[in-house]
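> If you read the protein sequences in the order shown, they are chains A and B. In this text, residue positions in the first sequence follow my numbering: the first is 8, and each later residue adds one. In this text, residue positions in the second sequence follow my numbering: the first is 8, and each later residue adds one.
Keep in mind that a hint or two might mislead.
What follows is a list of derived Cβ distance ranges for each label pair [claimed, not checked]:
no., chain 1, residue 1, chain 2, residue 2, range
1, A, E201, B, R210, 48 to 54 Å
2, A, N209, B, R210, 53 to 59 Å
3, B, G204, A, T194, 40 to 46 Å
4, B, A234, A, I176, 32 to 38 Å
5, B, R210, A, K123, 54 to 60 Å
6, B, R43, A, A127, 39 to 45 Å
7, A, S24, B, A208, 56 to 62 Å
8, B, E120, A, T194, 53 to 59 Å
9, A, A234, B, P126, 28 to 34 Å
It should be emphasised that the hints constitute simulated quantities derived from the structure, not laboratory data. Just so you know, these numbers come straight off a predicted model, no measurement behind them. A virtual CB, placed ideally from N, CA and C, is assigned to each residue, including glycine.
In case you want the letters, here they are:
2 protein chains.
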Amino acid sequence: MNSPDMGPRNRLLAALSPRDLRRLSSSLEPTSLEARQVLDGPHDSIKHAYFVESGLISVVGTAEPDHRIEVGMVGREGMTGLGIVLGDDRSANATIVQSAGTALRISSAALREAMKVHPAFAAILLRYVNVFIAQASQTALANGRGRLDERLARWLLMWHDRLGDADLIITHEFLALLLGVRRPGVTVALHDLEGRGLIRANRSLVRIIDRDGLQLAANGFYGIPEAEYDRSIGLN
Amino acid sequence: MNSPDMGPRNRLLAALSPRDLRRLSSSLEPTSLEARQVLDGPHDSIKHAYFVESGLISVVGTAEPDHRIEVGMVGREGMTGLGIVLGDDRSANATIVQSAGTALRISSAALREAMKVHPAFAAILLRYVNVFIAQASQTALANGRGRLDERLARWLLMWHDRLGDADLIITHEFLALLLGVRRPGVTVALHDLEGRGLIRANRSLVRIIDRDGLQLAANGFYGIPEAEYDRSIGLN
DNA sequence: GTCGGTCGGTACGAAAGGGTCCGGACGCGC
DNA sequence: GCGCGTCCGGACCCTTTCGTACCGACCGAC
Numbered sequence: 008m009n010s011p012d013m014g015p016r017n018r019l020l021a022a023l024s025p026r027d028l029r030r031l032s033s034s035l036e037p038t039s040l041e042a043r044q045v046l047d048g049p050h051d052s053i054k055h056a057y058f059v060e061s062g063l064i065s066v067v068g069t070a071e072p073d074h075r076i077e078v079g080m081v082g083r084e085g086m087t088g089l090g091i092v093l094g095d096d097r098s099a100n101a102t103i104v105q106s107a108g109t110a111l112r113i114s115s116a117a118l119r120e121a122m123k124v125h126p127a128f129a130a131i132l133l134r135y136v137n138v139f140i141a142q143a144s145q146t147a148l149a150n151g152r153g154r155l156d157e158r159l160a161r162w163l164l165m166w167h168d169r170l171g172d173a174d175l176i177i178t179h180e181f182l183a184l185l186l187g188v189r190r191p192g193v194t195v196a197l198h199d200l201e202g203r204g205l206i207r208a209n210r211s212l213v214r215i216i217d218r219d220g221l222q223l224a225a226n227g228f229y230g231i232p233e234a235e236y237d238r239s240i241g242l243n
Numbered sequence: 008m009n010s011p012d013m014g015p016r017n018r019l020l021a022a023l024s025p026r027d028l029r030r031l032s033s034s035l036e037p038t039s040l041e042a043r044q045v046l047d048g049p050h051d052s053i054k055h056a057y058f059v060e061s062g063l064i065s066v067v068g069t070a071e072p073d074h075r076i077e078v079g080m081v082g083r084e085g086m087t088g089l090g091i092v093l094g095d096d097r098s099a100n101a102t103i104v105q106s107a108g109t110a111l112r113i114s115s116a117a118l119r120e121a122m123k124v125h126p127a128f129a130a131i132l133l134r135y136v137n138v139f140i141a142q143a144s145q146t147a148l149a150n151g152r153g154r155l156d157e158r159l160a161r162w163l164l165m166w167h168d169r170l171g172d173a174d175l176i177i178t179h180e181f182l183a184l185l186l187g188v189r190r191p192g193v194t195v196a197l198h199d200l201e202g203r204g205l206i207r208a209n210r211s212l213v214r215i216i217d218r219d220g221l222q223l224a225a226n227g228f229y230g231i232p233e234a235e236y237d238r239s240i241g242l243n
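Let the sequences and hints guide you as you build the complete structure.
Have a look at this one:
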């Protein structure tokens, strides 16, 4: 996985004891994540859980084919495959790679087994599930109550957190899909944020200029799941 | 709890083996749920989990004081206190009684202990968490993509499922709060549904007339978490 | 029966956002 | 350096929803 002198880049795995981690590592298979790759469709049987090391994965809620929206985001602080953690092998949501990167993946069976053998590991994953619920809840809140520019600010901050890069490679089109709005609406909202000096936008690129300003622009819709994560799983 | 010849009315408890249930029953304390009672505020330490027997509880996502919206609903098919199930003692969401009823409650410590001693019990609760994630995800989807009348239809159906009564006692004001919209908007949307012959509305009362029609009106935003529940936890 | 509070119906202008189209700009491949 | 596909900017008009306000209807208390 990583060079032996550094811990794993995934923050859930990093929270494990070195001993548990060593025993687990044989089940963890390094994988590359390609942009737009679909890890699990809705209602698919989940074959692997992914511990993200770099890049970013979207959890997308789906009903009818054209009713889709992002409900959560997973970077190196998290994992996919919560259904497995919860003893089921499927979920109503899809998981789709949004920004290419790498992950350590583990088969469903091995994950179940590992949770049985390492209760501390299971405990960490369950606490992450709780944080994920907070994330989905806040998304529901933002979707219901927030204006487009506020939701956009929230989204940019969350992306920034998880990728740790001020330059986000994304098209307006894709952003519109994730936010569940019209594409030109995203263009206008980005201009608005740009006019306020919070970002710079260019073809397929958004650069974060003023993170604190973006937090203000998000008008309270950003931050709660992130604080929950730090409280519950820790800053490591 | 209930007379010995019938199982518990809560469907999660009903899924337990009679033996596990008997051993658990001493920890379960019958409680009445009063309308508008706040079981847990956001970020409170959760003292008890509630297995609902009748009535209905809302899970409300909160950020700023005036940023609130319902993200999930719990009736006798479910429970509150998912944070405890997940090994944490708090959640970013509030739980509020929406329709009076009764519940069996269990202290956090006893619930943790029971999950340790009865793995089958723990497994059921974790599968319920997975269903709840589906519910919150679909709420995020409906809030982002659905029109007011579609969301209203979804909401009425979910309420109807969980209470099993065609007459719903609720004011437009309160509905507006839960849906995160303006009160007169609810009035108009209810008239619309009424004009289509799907409901009858009166002061503080909504009667479901045509459930199938409401499902059509919900335009695909209703049903996924309910199907997940039946698949994962079973029809009992 | 009257009073006061809650609840519902309605109406207005204003804002946000959707649907659609078009044209220009950029950038990669050849 | 040409061409084509992708991406962005802007425009049009329309629907949905908001904000606010006002008033009438209902209901329980006295």
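> All the hints need checking, so say for each whether the structure fits it.
Taking the hints in turn, this is what the structure says about them:
Distance hint for E201 of chain A and R210 of chain B: a CB-CB separation of about 50 Å, consistent with the stated range 48 to 54 Å. Distance hint check for N209 of chain A and R210 of chain B: the Cβ-Cβ separation is about 56 Å, which falls inside the suggested range of 53 to 59 Å. The hinted window of 40 to 46 Å between G204 of chain B and T194 of chain A holds, with their beta carbons roughly 42 Å apart. Remark: the range hint 32 to 38 Å for A234 of chain B to I176 of chain A is upheld by a beta-carbon distance near 37 Å.
The hinted window of 54 to 60 Å between R210 of chain B and K123 of chain A holds, with their beta carbons roughly 55 Å apart. At about 40 Å, the beta-carbon gap between R43 of chain B and A127 of chain A stays in the expected band of 39 to 45 Å. The hint said 56 to 62 Å for the Cβ distance between S24 of chain A and A208 of chain B, and at roughly 59 Å that hint holds. For E120 of chain B and T194 of chain A, the hinted distance range of 53 to 59 Å is satisfied, since their beta carbons lie about 55 Å from each other.
Taking 28 to 34 Å as the suggested C-beta distance range, the pair A234 of chain A and P126 of chain B conforms, at roughly 32 Å.
In summary, this structure violates none of the numbered hints.
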